[in-house]
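S.K.: Here is how the chains run, residue by residue.
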Amino acid sequence: MSMFRAKKFDLGCFTNIKIIRDHSKRKAFEAAEPERQALRYIIRNTTLPMRTRAMAQLQLTQMHCYTRPTQIRNRCIMGGKGRGVLRAFKISRYNFRMEALAGNLPGVKKASW
Amino acid sequence: MSVPRARLLQLMEARCKLFETTFNPEGIRAGNKILRQRLKGPALAGYYPRRLWTMQEFQAEFRDLHLMVDDEKELDRFEHVSLLKARGKGAPKKKNSGPDFKKGKK
Numbered sequence: 001m002s003m004f005r006a007k008k009f010d011l012g013c014f015t016n017i018k019i020i021r022d023h024s025k026r027k028a029f030e031a032a033e034p035e036r037q038a039l040r041y042i043i044r045n046t047t048l049p050m051r052t053r054a055m056a057q058l059q060l061t062q063m064h065c066y067t068r069p070t071q072i073r074n075r076c077i078m079g080g081k082g083r084g085v086l087r088a089f090k091i092s093r094y095n096f097r098m099e100a101l102a103g104n105l106p107g108v109k110k111a112s113w
Numbered sequence: 001m002s003v004p005r006a007r008l009l010q011l012m013e014a015r016c017k018l019f020e021t022t023f024n025p026e027g028i029r030a031g032n033k034i035l036r037q038r039l040k041g042p043a044l045a046g047y048y049p050r051r052l053w054t055m056q057e058f059q060a061e062f063r064d065l066h067l068m069v070d071d072e073k074e075l076d077r078f079e080h081v082s083l084l085k086a087r088g089k090g091a092p093k094k095k096n097s098g099p100d101f102k103k104g105k106k
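Chains as they are written, first to last, in full-length UniProt numbering: chain A, 1 to 113; chain B, 1 to 106.
Some hints here could point you the wrong way.
Said to hold, decoys possible - In the DSBU-like style, the derived pairs of lysine-lysine whose C-alpha atoms are separated by at most 35 Å in a straight line are:
1) B/Lys95 - B/Lys73
2) A/Lys81 - A/Lys18
3) A/Lys18 - B/Lys95
4) B/Lys95 - A/Lys8
5) A/Lys90 - A/Lys27
6) B/Lys85 - A/Lys8
It should be emphasised that the hints constitute simulated quantities derived from the structure, not laboratory data. Owing to the predicted nature of the structure, the values given are computational and were not obtained by experimental measurement.
Kindly produce the complete structure, drawing on both the sequences and the hints.
M.R.: Quick look at the structure:
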């Protein structure tokens with residue numbers, strides 16, 4: 001969804017459309033998070049009238065899918081891969097291996113015993 | 001010795017006031033756990049490294065000091081393009097420019 005995309009390119013890592021899309025989703029979620037949390041609070045609050053809660057439910061489901069946190073997926077910042085990404089290093093397992101063997105990751109060394 | 005419930009509730013209320021938590025003896029679901037959650041948007045949005053500067057901005061920083069910074073990538077690209085053009089393999093002329101293009105006519 002191009003309306004969520006940054007007007008000026010703002011990524012400093014490996015870039016492909018999937019990364020740009022995921023980045024846009026993250027920013028859209030960040031912008032909409034207070035609203036989402038407010039709606040979630042109304043929905044969960046059993047002391048409020050049922051009608052208000054139902055309307056909040058509708059409003060939350062009708063928000064754009066880019067503002068949904070479940071749309072966000074951690075991708076490899078070196079190759080854009082979406083699977084096998086190590087959370088601590090933000091890179092995929094193959095890139096991790098290559099970088100670790102090259103000594104680019106401080107504190108990482110090949111196990112041997 | 002048993003303590004009356006009213007007394008216990010008083011204790012609970014005082015405790016809630018002291019620690020600034022919600023006093024809710026009936027356990028009504030008031031959605032307070034949503035309000036207690038921290039916002040995770042900033043952490044999520046900071047996942048990918050941002051671009052810090054572009055080569056043009058970097059060159060502009062040094063222009064005041066009368067220093068030239070070579071953008072090697074760009075120079076390489078220019079060289080590549082000029083080689084292509086010398087072989088007659090350059091990009092074609094744009095359709096909507098050039099001498100025989102008139103605006104507003106098809």
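S.K.: Are lysine 85 of chain B and lysine 8 of chain A close enough, with their CA atoms no more than 35 Å apart?
M.R.: holds (31 Å)
S.K.: Does lysine 95 of chain B sit within 35 Å of lysine 18 of chain A, going by the straight-line distance between their CA atoms?
M.R.: Roughly 32 Å separates the two Cα atoms, so the pair holds.
S.K.: Does the alpha-carbon distance linking lysine 95 of chain B and lysine 8 of chain A stay inside the 35 Å limit?
M.R.: Given pair lysine 95 of chain B, lysine 8 of chain A holds - Cα atoms ~27 Å apart, limit 35 Å.
S.K.: Taking only the CA atoms, is the gap from lysine 90 of chain A to lysine 27 of chain A under or equal to 35 Å?
M.R.: holds (18 Å)
S.K.: Holds or violated: lysine 95 of chain B and lysine 73 of chain B, Cα atoms, limit 35 Å.
M.R.: holds (28 Å)
S.K.: Are lysine 81 of chain A and lysine 18 of chain A close enough, with their CA atoms no more than 35 Å apart?
M.R.: holds (9 Å)
Taken one by one, the earlier hints all hold for this structure without exception.
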